[in-house]
Amino acid sequence: AQTVTQSQPEMSVQEAETVTLSCTYDTSESDYYLFWYKQPPSRQMILVIRQEAYKQQNATENRFSVNFQKAAKSFSLKISDSQLGDAAMYFCAYIGGGGSQGNLIFGKGTKLSVKP
Amino acid sequence: GAVVSQHPSWVICKSGTSVKIECRSLDFQATTMFWYRQFPKQSLMLMATSNEGSKATYEQGVEKDKFLINHASLTLSTLTVTSAHPEDSSFYICSAPGRLAYGYTFGSGTRLTVV
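Those protein sequences? They're chains L and G, same order as listed. First residue of the first sequence? That's 828 in the numbering used here, and the numbers climb one at a time after it. First residue of the second sequence? That's 68 in the numbering used here, and the numbers climb one at a time after it.
Read the hints as simulated data drawn from the structure, not as lab findings. The C-beta atom is built at its ideal place from N, Cα and C for all residues, glycine as well. Take the hints with a grain of salt, since some may be wrong.
Simulated restraints on C-beta separations [to be verified]:
{"#": "1", "chain 1": "G", "residue 1": "E130", "chain 2": "L", "residue 2": "T845", "range": "37 to 47 Å"}
{"#": "2", "chain 1": "L", "residue 1": "G924", "chain 2": "G", "residue 2": "L143", "range": "38 to 48 Å"}
{"#": "3", "chain 1": "G", "residue 1": "G83", "chain 2": "L", "residue 2": "S857", "range": "42 to 52 Å"}
Start from the sequences and build out the full structure, keeping to the hints where you can.
Take a look at the structure:
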């Protein structure tokens, strides 16, 4: 069975600085998708960034970028120029079967605090 | 993009009563809806998967008779918590697969408090 592990329960970053959130996963599949979701205090799940496993190029969305290491099964999220609004829970998620198989598998989450 | 509307946002009910939570896909057809439960400071735990026109699939340990799921149409899935007890108090979120370019679409969640 596939698993997603986030080893950092909490992280803290100074405003305008850069922070990296870690995520590792375990799968025997070769075709899958990985996501980072943000859950602010409102608890609405917001997609931050996605990565297709077949793509070697790391995904980037404005201040958010990932370091996708397929062989190492690692999928870290880098937040540059951190802002107060980035404070939230961040969940790493996996879906296999080329994206066609069932539900997202979530990690336990990392709570990010941003200090002014 | 795809939108899932979830209602109510919060509800307080008395022990022994039932509560219905609705999730509607507003601009797309959701043949599948995932229902999650989230305890404070924890991750999302999949409870069940509903499919339009068929019985829901429940995860191990989830009581089918307590958490009734109905997927009446391609745009509506409901979760009914029957004979609610204080331990059912939690945050419930629905999610529907959309275009993978946008990831899965989540409802805004329902905070249930049973008193």
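Let me make sure I understand: some of the numbered hints might not hold for this structure. Which ones are they, in numerical order? Of the numbered hints given earlier, the structure breaks just one, which is hint 2.
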